[in-house]
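Q: Take these sequences, add in the hints, and give me the full structure.
Keeping their order, the protein sequence lines are chains B and C. For what it's worth, the numbering used here labels the leading residue of the first sequence as 137, then goes sequentially. For what it's worth, the numbering used here labels the leading residue of the second sequence as 137, then goes sequentially.
Lysine-lysine pairs mimicking BS3-like chemistry, simulated, CA-CA at most 25 angstroms apart:
(1) C:Lys180 to B:Lys284
(2) B:Lys180 to C:Lys284
(3) C:Lys225 to B:Lys225
(4) C:Lys152 to C:Lys269
Chain C residues, not near chain B, derived (Cβ > 12 angstroms throughout):
(5) Lys230
(6) Ala260
(7) Thr369
(8) Ser522
Covered by chain C, according to a simulated footprint, are these stretches of chain B (three or more residues, beta-carbon under 8 angstroms):
(9) 169 to 181
(10) 197 to 210
In case anyone wonders, no lab produced these hints; they're calculated from the structure. Quick reminder that beta carbons are idealized off the backbone N, C-alpha and C, glycines included.
There are 2 protein chains.
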Amino acid sequence: MTLQDKMHNYAELIVKFGVNVQKGQDLVVSSSIETAELVREVVKQAYNVGAKHVHVYWNDEETRLIELLNAPEEALQDVQQWIPDSLAKLADEKAAFLFLNSTSPFLYEDVSAERMTLYRQSRAISNQEFQEKYMARQWCIIAAPSPKWAAVVFPDMPVDQAVDKLWERIFYAVRLEQENPVDAWKEHLQTLRDKVEFLNKKHYRRLHYTGPGTDLTVDLPKKHLWASADKVTEEGVYCCVNMPTEEVFTTPSKFGVSGKVRNTKPLNYGGNIIDGFTLTLKEGRIVDYSADQGEELLKGLIDTDEGAHYLGEIALVPHRSPISDLNVLFYNTLFDENASCHIAIGRGLPMCIEGGFDMTPEEMEANEANISMTHVDFMIGSAELSIDGELEDGTLEPLFRNGNWAH
Amino acid sequence: MTLQDKMHNYAELIVKFGVNVQKGQDLVVSSSIETAELVREVVKQAYNVGAKHVHVYWNDEETRLIELLNAPEEALQDVQQWIPDSLAKLADEKAAFLFLNSTSPFLYEDVSAERMTLYRQSRAISNQEFQEKYMARQWCIIAAPSPKWAAVVFPDMPVDQAVDKLWERIFYAVRLEQENPVDAWKEHLQTLRDKVEFLNKKHYRRLHYTGPGTDLTVDLPKKHLWASADKVTEEGVYCCVNMPTEEVFTTPSKFGVSGKVRNTKPLNYGGNIIDGFTLTLKEGRIVDYSADQGEELLKGLIDTDEGAHYLGEIALVPHRSPISDLNVLFYNTLFDENASCHIAIGRGLPMCIEGGFDMTPEEMEANEANISMTHVDFMIGSAELSIDGELEDGTLEPLFRNGNWAH
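A: Here it is as structure tokens:
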């Protein structure tokens, strides 16, 4: 099978299973110009299944880098609000959303943390409404290699070969190598749903994390729900919001997180790397932090708003998974977070609070969930991680041992 | 000098001379994703000269082809009006506009004329306000090779070589090979302005065209003005709206065109070729037409609106010019029209009527200029073309002989 054939199959899986485009529905695709080949396949497939209109929003990280390095400060904060507004309007009209991720890990390393933070904060504010809206619809985040990303993952080969190799790894991670990828996905998601059901039944009131550099207790909200990356929209349409996905996740109780937590894989924060960092939390709030790399960017992230001083997600992922079996550090959260337990700084997740989708931000907070403009996952899993679940009556049960499910 | 160096020089010429970006001004760049390398150079240069914010709007012809072939009919007419509206708003805020042209000549040949016409008509309506607004600002159309365009121009070589060769031809046509390109441009535009002055002094009341298949008289409006592609905006900023440019042009009297005219080079109508066509005009109106190739598309063009049945521009270009010396058929109007006398179907030009920029459409019509949503140039020049100018007193003077200026 040629790369072109495989890309065709990938596009088919994305359109029919991941975002699950319906007849007569609009699809919005957001992509780097470097991944146009896959976009074109996706657009073709979407029209094949009866999409009404496919809208493609192109961006170029290299152009953004030039802007970040050279534009006057006021321009970095100058957001063209009509773009997220128009996307939000498409969400109101029940479009589906597909995001192609190909961010190069070190692309923005020459941009000062101050300028990155200015730029990110204005975008976080500008995109807030759109984000809330698309998350209620069908949406899906998938990955496609850019040359610069591939060159970071496979630095020892010519870039063309690195791109091909990264394609192969991505195809493996999204189960395209299996005879019937859709069946494989259904089976896989059933396994994750079994875990979700198990955890919802247990209704742990608290998790205890221990590992090198990590000693953390995380209270769970009274109304917490565990979830996996597949969902059904209010129109009754199934979709899978991340491909690959290996996680089950919930939202922590905003003021109920205490202790220290240390990351285990570098965080590609949209083109900058933050690594070797420890957060200290007290009554949910990050009261101290340090990082070997990207500390200023970490500061910028935490200073996004008051809510970015709290956590919004905890996710359980076995240390052994198809992605971690590849033994590749992807420098890309979509992959690395699905090879590792992770937690997120920022916004709590409405699907993880009973009735959350119908709650105002104030109601979410009243139900222990955090509110923030941002939501950034980082990896804390390793072969040394143990997690205990604490039942309502205080009993402790082993949940993770040596980085994997204890049962 | 490497291709990269030359692209850098091209970007510099475009930013500093063509569109002439001012300190603190926004620049809007519209480009295919295939010409990203040049765009990135342009963005860099624009920030270097002090641009406030450079906005890049990417498009992809291949994706558009998929849409044209596969989207339901209603989607072809479904315009995202917020895009031209937002661009119009940037024009209101005095942004400058740069359009990169790389259209592949035969890209849309498998799309039915009906669907192309549906698509084009809805875009023509949707873009009308934006077009009027950007034309009052600094703007510039330039070219950059796409692989498919290069492959049509140089079909006998591998596509990479064809792209490089087309770059070389473009660099030659925009005078980048000269020691000081800006000085060369200034001298060249002075020559064109001398022609403009000569023609404005003559104030011909009518032109007589004769050539193979062509026998046409064109009345000129009482308030007609000849112009060249450089201009000064109302803020007093100089720019050159086409690079290359070899033409001087004016607007014909809407109801004063009669006879037959035949094209001499294929017209790349935004990704479709129309060729071997003759128009018959009576009192300005196209009353008959035929084409060896693309007759249905020609019909669609003429049926855009009532104004598309009339002419909007006549341009004089010597058959001998740096572009025609290259002896390359570019299949791209920006080049082919600057190697050939041409005329345009559609909208008349405000800069070619005294006080035209301050006129309402009704006032333009009262001053003999045509009104239409469209404006499409096509080539009628050749070594066999002669043009006579008729003075106010009826005297005929030779203006063009054997395709070149008669004096």
